[in-house]
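Top to bottom, those sequences are chains A and B. According to my numbering, the first sequence is numbered sequentially starting from 1. According to my numbering, the second sequence is numbered sequentially starting from 1.
Calculated from the structure, these hints are not laboratory results. No experiment lies behind these values; they were computed from the predicted model shown. Possibly wrong hints are sitting among the right ones.
Here are the simulated DSBU-like cross-link-like pairs (lysine-lysine), alpha carbons at most 35 Å apart as the crow flies [said to hold, decoys possible]:
1) 84(A) to 530(B)
2) 17(B) to 817(B)
3) 547(B) to 76(A)
4) 76(A) to 481(B)
5) 84(A) to 17(B)
6) 85(A) to 606(B)
7) 456(B) to 84(A)
8) 547(B) to 484(B)
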Amino acid sequence: MEIHARAKDDVVIFDIEGEIRRSDVTDVTLHQLVKDQLDVGKRNILLNFKDVEFIDSFGVGEILASYISTHNLGGKLKIAKISKKLYLVFQVTMLTKVLEIFDEEELALTSFMGD
Amino acid sequence: MAKNGIHRIFSRVVKIKPGELKISFLLFFYLFLVIAAYNVIKPIRNASLLEELGYKWLPLVYLLTAAIIGFVVALHSKIQVKISRYLLITFSIIFFFVSCFIFRFLSGFGWQGLPVIFWVWANIFIIVLNTQFWITVNDILNPREFKRLSGFFISGGILGGFIGGVLAGLLAKENVDYNLLFLSAGLLTLCALFVYLIFRWQKREQCVEEKQGKKGEDRSETTSKPGFRDSYNTVKKHKYLRLIAAIVVLTLVVSTLIDFQWNIVVKENKEGDLTSFFGYFNAGLMVFAFFLSILMTSNLFKRYGVRISLLLYPIVLLLCFSGIGIAVILVTAVIIKGSDKSLAYTINRSARELLFIPVSPDLKYKAIIFIDMFVDRFSKGIGAVVLMIVLSFGIQDYKEIVRIVSFVSVVLIFGWIVLTLRASREYVNAVKQKLSRKWERADQLVEKELDVDFSKLVFDTLESKDRSSDLYAMHVFELMKRGKLTPELRQLLSQRSEEATPSSLSAFFETDPSALMQMNDQYNNEDVLKKEIQEIMSLDVYEDVIKKYIENVLSDTSKDAVTARMEIAKGIGFLASDSPLVEKLEEFLRDDSSEVRRYAIESASKLGKREHVPALIQSLYDSSTHSDASAALEKYGTRITGILADHLGDSEEKMEIRKAVASVLAHVGNQDASDFIMCELAKDKGEMDRELIDALDRIRSEKPEIEFSEEIIKKKTRQKIKSYYDLFIEFAEAESKGKKADIRRIISHELTISMMVIFKLLGLIYPHEDIVKAFQNIQTGTKDSVAYAVELLDNMLQKEYKDYIFPLIDDISFEDKVKRCRKMLKDLEKTETS
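Model the full structure from these sequences, guided by the hints.
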């Protein structure tokens with residue numbers, strides 16, 4: 001798994017590549033990266049899953065932990081371009097009710113402006 | 001009017017119903033004439049043999065008859081294959097008619113072998129014509145009719161025997177008077193006329209039944225006509241028929257031994273004028289047998305059933321043999337011979353024919369041919385051989401011979417009793433086989449034929465498609481989880497909804513048919529998806545996030561929040577049962593929206609947690625959630641028997657809930673559940689009786705090993721029968737007062753339900769399947785199947801039940817039924833007060 005952070009306006013975008021698995025845990029997790037951004041005052045986080053091939057429950061846990069951390073600080077964490085499969089998992093687990101999910105990155109960015 | 005008058009008179013003595021009068025009398029006179037003709041021939045037969053050859057020839061002629069009868073049976077079988085039953089009987093009568101003249105002609109030559117040939121001919125005469133008579137009766141009557149009417153026909157035969165004997169006695173001019181054969185020929189001519197009338201009646205009846213569309217089992221002409229070998233094989237192959245044949249063998253061997261004892265004792269104790277003595281004895285015997293038949297035979301069958309009726313004959317003979325074994329005197333010989341013949345003509349004949357009634361027409365005909373025409377004579381042959389063996393010891397003291405014969409007979413009678421007990425058991429089984437089950441319990445049928453849960457899930461999935469994509473996804477996931485997402489179902493779910501759906505990721509299932517395929521391909525191993533979702537849901541962060549979401553939704557009172565609540569109610573069902581989020585389900589179980597409650601009930605059913613049971617029980621009250629709550633509670637199984645019992649027995653609880661709880665307990669279906677229901681039934685409140693009895697019936701139908709308190713059932717059955725009597729009288733009054741058709745229809749429906757309740761109670765203590773078959777056949781069967789159903793109950797129920805239930809189901813007129821109901825109601829009330 002590789003995560004690259006970039007900024008667009010006041011939104012920090014994390015471009016995630018590869019697979020998010022428990023077995024591939026690295027020293028720096030997604031949640032840690034999000035927390036780092038929160039620590040420096042960033043409050044709008046967008047997770048771009050465009051190049052994510054697979055995500056397991058550990059990965060979902062990372063997303064949720066990131067969401068909670070952001071939310072607790074009054075920030076927003078949104079998701080873009082997740083696979084249909086992951087979307088189904090989110091639907092079944094009711095996470096679509098909590099997480100804001102967008103088909104396209106642009107749409108997600110626009111939505112930050114309205115908040 | 002005249003017909004009704006005759007019927008009224010005869011129905012006091014014989015249980016002849018309207019419409020049966022004509023055929024009853026035709027059959028009565030048919031047998032009367034056959035036996036009368038034979039009883040004219042019989043004295044000539046006996047006199048000619050005893051006068052010209054001596055009684056020592058008796059064993060020899062018995063044996064000769066047995067040997068020759070085999071050929072006669074073979075010939076009879078060959079002829080009857082080629083011609084109709086009517087023609088067969090008519091030709092037989094013509095044959096014996098012509099033979100009478102031939103024997104009269106031959107008697108003039110004084111040939112010494114003639115008495116032997118005449119003896120054999122006379123025996124063939126009675127075997128053939130008697131058998132043909134009973135085949136005709138079997139063709140025409142069902143078991144209930146047979147039980148009522150057989151005594152009457154037999155009385156005809158006995159009366160014929162008496163009249164024939166008296167005529168022979170009065171008209172005989174010589175010791176051996178062959179001129180009496182002219183009289184027999186005359187009687188046979190009349191007999192042919194009655195046979196013609198009987199078959200004409202039968203043909204007309206069949207036409208009427210066909211026109212009315214009531215054609216039941218065809219018992220006559222269409223029956224196949226077997227050869228002797230076929231008849232023999234049929235008996236050999238069927239255990240029940242073998243038993244009957246074995247009983248016949250023992251009966252007739254014993255009867256032959258009695259006949260020998262009788263002759264020897266009379267010969268040694270009575271000097272001179274033997275013919276006159278035999279004549280008076282025969283006449284007296286016939287009079288006794290006549291009254292025995294007309295007064296006792298039908299009542300005996302009706303009151304004590306087949307088993308006791310069958311056992312009476314051997315037991316009486318056993319006592320008689322003990323008597324003659326102790327004192328070899330004329331009186332004991334008269335008693336034993338009198339008992340043998342009178343019981344053989346009456347009860348035994350009826351009992352034997354009754355045993356044949358439940359046998360299918362084809363088998364019956366073959367068996368009757370073999371047993372009546374071959375086994376009958378063959379048995380006498382065995383008797384003759386036994387006698388020859390006894391005589392071969394060279395014992396001179398006739399008393400000693402009589403005692404040895406008695407000892408042999410007693411041994412045979414014990415075998416006879418054992419076979420009789422087995423045959424009566426097999427008889428009931430044969431009656432059962434005549435009854436088929438007409439329908440299954442509706443609830444069990446639905447459960448058996450339908451996967452109700454799956455059907456509901458498919459409908460919910462389709463319904464959720466337009467309501468919420470999340471709810472829809474949850475349903476699809478559940479279908480996948482259950483392995484039910486078949487290609488056909490995928491195609492059905494992929495069809496576009498009529499309504500427009502937003503083009504977004506959230507709607508891809510609805511708009512993109514390939515998405516489902518793709519999703520399924522990705523998750524072709526549904527366990528992977530299931531595991532992943534479970535893992536996500538067990539995450540602490542997940543619980544934190546969703547808990548907050550749930551609380552937000554619960555605090556939202558807007559209309560839009562209903563769908564969100566439905567989703568949560570559904571989603572909780574995917575959680576592990578120990579998840580803290582499950583606690584929230586209680587609130588959804590008590591939600592204002594029945595749709596939300598329904599999903600919550602479904603989740604509670606999946607989680608199976610005891611704390612949800614009270615809420616589920618309360619959901620039984622609401623008609624919109626009743627069936628879901630029932631199904632959910634049923635899935636808890638035996639774990640919640642106690643709590644269900646508390647609600648069932650709580651008089652403060654809503655009646656609808658208590659009734660529904662009874663049904664749930666029926667599904668739980670263990671001994672405790674049935675005991676709790678039974679306990680409630682015993683409380684005698686009456687308001688939930690139908691539901692409680694239905695619940696017990698369901699348990700009984702699925703778990704025959706569960707035991708029920710007979711005492712409570714007995715008491716309840718009496719109550720229900722009493723209620724039925726009351727209702728029936730109310731119905732009769734509504735009829736007579738010409739009340740509105742609607743009211744009568746309602747009472748009539750209530751009567752049917754009431755009857756069903758009575759039978760369900762009976763099914764708890766008697767074999768359930770048999771009682772169900774009996775009830776269903778009584779309700780909807782043809783005339784014959786109703787008769788077989790009643791016959792089965794007659795052989796199965798204890799007397800106390802029969803006394804009260806038969807007035808409800810017996811094939812009697814409406815007026816008689818009302819009378820009997822009133823009488824039985826008084827009896828029941830008297831019993832209660834005493």
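#### Entry: Hints violated by the structure (listed by number, smallest first)
As far as the earlier hints go, only 5 is violated by this structure.
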